[in-house]
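Q: If you read the sequences in order, they're chains S and L. Take the first sequence: its position 50, counting from 1, is numbered 50 in the numbering used here, and each next residue is one higher. Take the second sequence: its position 156, counting from 1, is numbered 156 in the numbering used here, and each next residue is one higher.
It should be emphasised that the hints constitute simulated quantities derived from the structure, not laboratory data. These figures come from a predicted structure and were not determined experimentally. It cannot be assumed that every hint is accurate.
Computed spacing ranges between beta-carbons, pair by pair [what the hints assert, rightly or not]:
id : chain 1 : residue 1 : chain 2 : residue 2 : range
1  : S       : Arg-72    : L       : Arg-163   : 44 to 50 angstroms
2  : L       : Pro-21    : S       : Thr-108   : 21 to 27 angstroms
3  : L       : Ala-115   : S       : Glu-183   : 33 to 39 angstroms
4  : S       : Ala-252   : L       : Ser-136   : 46 to 52 angstroms
5  : L       : Pro-165   : S       : Ser-136   : 34 to 40 angstroms
6  : S       : Val-83    : L       : Ala-115   : 50 to 56 angstroms
7  : S       : Val-83    : L       : Gly-192   : 40 to 46 angstroms
8  : S       : Ser-136   : L       : Gly-210   : 53 to 59 angstroms
9  : S       : Glu-118   : L       : Ser-141   : 19 to 25 angstroms
Here chain S is said to cover these stretches of chain L; the calculated rule only asks that three of the stretch's residues, wherever they fall, bring their Cβ under 8 angstroms from a Cβ of chain S [unchecked claim]:
id : segment
10 : 64-73
11 : 185-199
12 : 212-226
Built from N, CA and C at the ideal position, the CB exists for glycine as well.
2 protein chains.
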Amino acid sequence: MKNLLLAAALALLAAGCATTPDNTVFQMSTIDALLVGVYDGHLSGRDLLRQGNFGIGTFEALDGEMVVLDGRIYQVKADGSVVEVNHDASTPFASVCFFNPDIRFDLTPASDFAAIEEQVNRIAPNQNLFCAVRISGKFKSMHTRSVPRQQKPYPPLKQVTARQPEFFMEDIEGDVVGFRCPEFVKGVNVPGFHLHFISRDRTQGGHILGFELAEGRGEVDLLSRFHLQLPQDAESFAAADLSRDRSEELHAVEK
Amino acid sequence: MKNLLLAAALALLAAGCATTPDNTVFQMSTIDALLVGVYDGHLSGRDLLRQGNFGIGTFEALDGEMVVLDGRIYQVKADGSVVEVNHDASTPFASVCFFNPDIRFDLTPASDFAAIEEQVNRIAPNQNLFCAVRISGKFKSMHTRSVPRQQKPYPPLKQVTARQPEFFMEDIEGDVVGFRCPEFVKGVNVPGFHLHFISRDRTQGGHILGFELAEGRGEVDLLSRFHLQLPQDAESFAAADLSRDRSEELHAVEK
Chain S
1 MKNLLLAAAL ALLAAGCATT PDNTVFQMST IDALLVGVYD GHLSGRDLLR
51 QGNFGIGTFE ALDGEMVVLD GRIYQVKADG SVVEVNHDAS TPFASVCFFN
101 PDIRFDLTPA SDFAAIEEQV NRIAPNQNLF CAVRISGKFK SMHTRSVPRQ
151 QKPYPPLKQV TARQPEFFME DIEGDVVGFR CPEFVKGVNV PGFHLHFISR
201 DRTQGGHILG FELAEGRGEV DLLSRFHLQL PQDAESFAAA DLSRDRSEEL
251 HAVEK
Chain L
1 MKNLLLAAAL ALLAAGCATT PDNTVFQMST IDALLVGVYD GHLSGRDLLR
51 QGNFGIGTFE ALDGEMVVLD GRIYQVKADG SVVEVNHDAS TPFASVCFFN
101 PDIRFDLTPA SDFAAIEEQV NRIAPNQNLF CAVRISGKFK SMHTRSVPRQ
151 QKPYPPLKQV TARQPEFFME DIEGDVVGFR CPEFVKGVNV PGFHLHFISR
201 DRTQGGHILG FELAEGRGEV DLLSRFHLQL PQDAESFAAA DLSRDRSEEL
251 HAVEK
């Protein structure tokens, strides 16, 4: 019995210390590294799930949009198909948390992206904190994009999104997953809202460009800790010029 | 024996998970919050030492410059005196790590601040990572400043440093302690080098404005993880306008 307890305690020690505490956004790499084409995978799906069960990102070689929901990782590919990924898949850029909502609220019907932003900002007014956002509902329309797998030498993200496949869905149920980040993350993550979508049946989704909500519920999780992990040994990351203001590039690729 | 092992494992579990892993810069609050006058203490010295044994910062009410070295916290007051602080003292802004140098090197004699920066950058060329820097040696000259304790309503940092007390030391032994941060931390920490000084006898120090090294050794610890903790419940932090570019203000206060 004591041996069992000891083993359990040691296992907890090993597992517990590898995971991120509650109230934390964990992030792999920086958005500006992604903008300049650092698409090598730096972290496996397995390791990502140790840091959170909820979030967004992309895949090695920029192979589609990532949605992490309820501890599963979904890949929205450039052809519009969705697969649940093998945990060996790796990511160059992702943000996750253990989603534990502080506030749940009904959303105003017929809200678009801007109206939802306003509602979340009213409910979670401290914009100097991070905020994980989940919206579950029926959408009259949902407009998303994905990105196609790239070959080396990797082009900058702006070149890829200039020819991005876009998807238009109507009368679709599903979940909006993402974060509101403080303005001061500029260069590191996306200031403001960055949201991805996955349909209830997990067959459609992508990086959200716009939507109209029919009816739904919102959940927000205020997060005051931010854990950034940089790809220490990646030559592409070391060589990236991350000293410039890339706000305009970011604005271009988020559209 | 097994009970002892079990107790030890559980203690490690409790302690281990509260501390920051190696290879990590832990930071309380943001430099821009400090610039606008968020000087309330958000973290005790005790809790800060759980996150690192090496680093720099300031104290509640901007009461002097902080040096954390070998697990002790020193306060360089505005009158130039230095005390080792009680762990109940709290900080509005500090950055620490568990210092575990990757590279040790001899420094070129007669180096000034700029020459030391060059040497560190040659030895640790990946400027997209964080880097803790310690320089132990004899200094022909050392020029520092501190800041005086403020009263509410707190003025912005620029107003305080406009009348900062400065200290000029000659032929003094001691330690330079600080960080080189990537450019992309702008708004969150100080891009480039941010170094404090404490004399070998722990009686003099401050935020470094300039120096000339007579002879010394450098140590650098490359750090690829950055853990930012924001003061979730502090009204002053919530109310701070952290959306503006404050590079010029920062430049003014770092001089």
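Q: Do the beta carbons of Pro-21 of chain L and Thr-108 of chain S sit within 21 to 27 angstroms of each other?
A: Roughly 43 angstroms apart at Cβ, these two residues miss the hinted range, so it is violated.
Q: Mind checking the hinted window 46 to 52 angstroms against the Cβ distance between Ala-252 of chain S and Ser-136 of chain L?
A: holds (48 angstroms)
Q: Between Pro-165 of chain L and Ser-136 of chain S, does the C-beta distance stay in 34 to 40 angstroms?
A: Taking Cβ atoms as reference, Pro-165 of chain L and Ser-136 of chain S lie about 57 angstroms apart, which means the hint is violated.
Q: With respect to the beta-carbon atoms only, verify the hint that Glu-118 of chain S and Ser-141 of chain L lie 19 to 25 angstroms apart.
A: At roughly 57 angstroms between Cβ atoms, Ser-141 of chain L and Glu-118 of chain S fall outside 19 to 25 angstroms, so the hint is violated.
Q: Taking 33 to 39 angstroms as the stated bounds, is the beta-carbon spacing between Ala-115 of chain L and Glu-183 of chain S within them?
A: holds (36 angstroms)
Q: Are Arg-72 of chain S and Arg-163 of chain L spaced within 44 to 50 angstroms by their CB atoms?
A: violated (57 angstroms)
Q: Holds or violated: the segment 185-199 of chain L covered by chain S, criterion of 3 or more residues with Cβ-Cβ distance under 8 angstroms?
A: Check passed, 4 qualifying residues.
Q: With a cut-off of 8 angstroms between beta carbons, are at least three residues of the segment 64-73 of chain L near chain S?
A: Answer violated; 0 residues pass the 8 angstroms Cβ test.
Q: With respect to the beta-carbon atoms only, verify the hint that Val-83 of chain S and Ala-115 of chain L lie 50 to 56 angstroms apart.
A: With a Cβ separation near 55 angstroms, Val-83 of chain S and Ala-115 of chain L satisfy 50 to 56 angstroms, so the hint holds.
Q: Between Val-83 of chain S and Gly-192 of chain L, does the C-beta distance stay in 40 to 46 angstroms?
A: Given a distance of about 44 angstroms, which is inside 40 to 46 angstroms, the answer is holds.
Q: Do at least three Cβ atoms from the segment 212-226 of chain L come closer than 8 angstroms to Cβ atoms of chain S?
A: Coverage by chain S holds here, the residue count being 4 at a Cβ distance below 8 angstroms.
Q: Looking only at beta-carbon atoms, does the pair Ser-136 of chain S, Gly-210 of chain L fall within the given range of 53 to 59 angstroms?
A: With a Cβ separation near 58 angstroms, Ser-136 of chain S and Gly-210 of chain L satisfy 53 to 59 angstroms, so the hint holds.
Violated hints, in rising order: 1, 2, 5, 9, 10; the structure is consistent with all others.
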